[in-house]
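Participant: Here is how the chains run, residue by residue.
There are 2 protein chains.
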Amino acid sequence: MNATLAAAAPTPIRPYAIAAASMDAHTLATLLHLDPDPDPVLHQTAFATRHVREKETLIRAGDECRNLYVVRSGFFRSSYLDRSGSIQGLGFPMTGDTLGADGLATGRHTAEAVALDCSEVVVIPVARLTALSRSHAALATLFYRLISREIVRDQCSLFLLGSLGAEARVAAFLLDLSDRFCALGYSRTMFNLRMTRQDIGNYLGLKIETVSRILSGLAQQGLISVHHRAVEILDPAALRLAVEDAARRTAPRAG
Amino acid sequence: MNATLAAAAPTPIRPYAIAAASMDAHTLATLLHLDPDPDPVLHQTAFATRHVREKETLIRAGDECRNLYVVRSGFFRSSYLDRSGSIQGLGFPMTGDTLGADGLATGRHTAEAVALDCSEVVVIPVARLTALSRSHAALATLFYRLISREIVRDQCSLFLLGSLGAEARVAAFLLDLSDRFCALGYSRTMFNLRMTRQDIGNYLGLKIETVSRILSGLAQQGLISVHHRAVEILDPAALRLAVEDAARRTAPRAG
DNA sequence: CGACCGTTTGATCCTTTTCAATCGTCGTGG
DNA sequence: CCACGACGATTGAAAAGGATCAAACGGTCG
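These protein sequences, in sequence, are chains W and H. Everything in the first sequence is counted per this note's numbering, starting at 226 for the first residue and increasing by one. Everything in the second sequence is counted per this note's numbering, starting at 226 for the first residue and increasing by one.
Quick caveat, the hints were computed from the structure, so don't treat them as lab data. Treat each hint with caution, since some may be false.
Since the list can't tell identical chains apart, any single copy or any two copies may satisfy a pair.
As a list, the in silico SDA-like pairs of lysine to any residue whose alpha-carbon atoms are at most 25 Å apart [to be verified]:
id: 1; residue 1: K432; residue 2: P350
id: 2; residue 1: K280; residue 2: A479
id: 3; residue 1: K432; residue 2: L418
id: 4; residue 1: K432; residue 2: G390
id: 5; residue 1: K280; residue 2: D264
id: 6; residue 1: K280; residue 2: R478
id: 7; residue 1: K432; residue 2: L466
id: 8; residue 1: K280; residue 2: S309
id: 9; residue 1: K432; residue 2: R478
id: 10; residue 1: K280; residue 2: P477
id: 11; residue 1: K280; residue 2: C290
For clarity, every value in this text was computed on a predicted model and none was experimentally measured.
Go ahead and model the full structure; you've got the sequences and the hints to work with.
Facilitator: Okay, structure coming up:
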């Protein structure tokens with residue numbers, strides 16, 4: 226049990242010791258999993274990086290949009306804030322994900338971003354966004370993809386909330402985390418949740434008790450194992466099946 | 226009964242008499258409600274337009290992303306298609322809205338767009354997107370805003386689905402339509418729904434019966450009047466209150 | 001050790017879905 | 001011109017799924 230916990234913690238594997246004060250565009254493209262253009266200018270273009278402490282708010286809703294950020298390391302929680310003060314979780318950006326792209330539309334951010342873990346981000350000033358787009362086509366393409374990716378991510382979340390039941394949402398959430406951790410070189414099957422049950426509930430449109438119950442339920446079915454924030458995925462195929470079955474049963478189908 | 230309809234029907238010519246075969250960037254910026262940059266180059270840069278017949282699919286999920294589109298006139302339904310065939314409504318783009326921005330991320334569209342009405346769109350080839358960003362900063366800014374707006378829109382929908390009950394979702398949906406019609410110069414209080422109850426349900430994550438029941442309920446409360454697809458908003462303040470009350474009661478609050 | 005915070009679990013209530021039947025409208029063909 | 005059939009919309013009753021209220025548990029930190 227304790228050994229599990231120790232092994233499951235993903236972050237400590239890569240300390241931020243080597244964190245540079247800046248990052249060139251080529252490395253940035255790699256970080257974003259966007260095939261880096263061979264254009265040598267990408268190596269010459271550098272962006273500053275910034276550290277964000279745990280629980281620190283990097284982007285506040287209503288703030289003027291000065292920068293975009295790409296997560297270099299760490300873990301964030303992104304939320305939409307209604308004028309009435311209601312909150313809706315939007316996602317949990319981690320290494321390679323983008324923050325702040327919502328602010329370009331009006332010049333002010335509508336979503337906030339809070340670090341759930343000691344993190345580091347690459348800072349892309351909006352002014353440089355247009356300036357660099359002008360000077361280097363490869364960078365313009367990079368930026369467009371980076372922003373568009375946010376749309377795809379949100380649309381996928383919309384599918385979760387609109388078409389799936391509670392159990393399927395939680396299952397899909399775990400599988401998504403699993404994939405993303407794996408893509409970063411961590412274990413696909415064992416990891417620690419960085420967010421509270423409340424955060425998960427805000428994101429999935431479920432109450433905290435429901436999240437807890439469903440996690441327990443999945444564990445009882447033998448699909449996962451949960452102890453507090455340590456999760457192990459025991460039967461990924463069955464989890465995937467749970468999501469797809471729910472989609473087939475409850476979601477409206479095309480045709 | 227309707228002079229507009231009567232006049233449009235017998236004319237086999239293009240219903241939009243003034244419709245040009247192309248549109249300059251300055252006019253496009255105005256269409257998008259983005260303050261047009263005074264840069265004279267915007268007047269010299271033109272984009273082709275294209276007609277889309279009713280029920281025609283402009284963008285198919287999986288298609289290669291060659292163009293972005295800005296709706297010049299008409300009405301669309303945009304949907305996300307899961308691999309398993311499940312469908313999730315994403316929105317109902319109309320004049321001034323953008324289509325296809327999801328495709329920039331990977332080069333393939335993940336969402337489809339179907340015209341619910343005879344429509345016309347401005348075509349922005351992806352190749353020109355980067356080329357023009359390179360030559361004109363004003364256009365780059367325009368494009369970034371245009372794409373970012375899609376993110377804001379989706380995040381707002383996420384709030385609807387994740388935080389509001391069925392009645393509030395329908396109320397918010399009606400108010401949104403009302404605002405958008407008003408912004409286009411149509412009546413804020415009386416309009417025809419172009420989409421079926423099924424389309425509304427797909428978008429709001431509700432079953433068709435629920436949508437119907439809630440519309441009837443709102444009508445019985447005297448907030449709206451519904452007959453088939455003709456909607457009249459009788460008490461916008463009460464509708465708005467219904468949304469905000471629901472947000473306060475059911476949605477998790479910040480703090 | 002004790003208090004606090006996040007989590008789990010149980011019982012009950014409320015909302016939404018499901019299943020089923022009916023209605024109304026529009027378009028088609030007799 | 002009317003009858004018919006198809007499709008979309010409405011309405012009702014029963015069932016399922018989450019939410020709510022309430023209580024207890026388990027780690028963590030002072």
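Participant: Compare the structure with each hint and give your call.
Facilitator: Hints and how they fare:
no.	hint	in the structure
1	K432 <-> P350	neither (37 Å within a copy, 44 Å between copies)
2	K280 <-> A479	between (42 Å within a copy, 14 Å between copies)
3	K432 <-> L418	within (17 Å within a copy, 33 Å between copies)
4	K432 <-> G390	both (13 Å within a copy, 13 Å between copies)
5	K280 <-> D264	neither (38 Å within a copy, 43 Å between copies)
6	K280 <-> R478	between (41 Å within a copy, 18 Å between copies)
7	K432 <-> L466	both (24 Å within a copy, 23 Å between copies)
8	K280 <-> S309	within (23 Å within a copy, 38 Å between copies)
9	K432 <-> R478	between (27 Å within a copy, 12 Å between copies)
10	K280 <-> P477	between (39 Å within a copy, 19 Å between copies)
11	K280 <-> C290	within (20 Å within a copy, 39 Å between copies)
Going through the hint list in order, the structure does not satisfy hints 1, 5.
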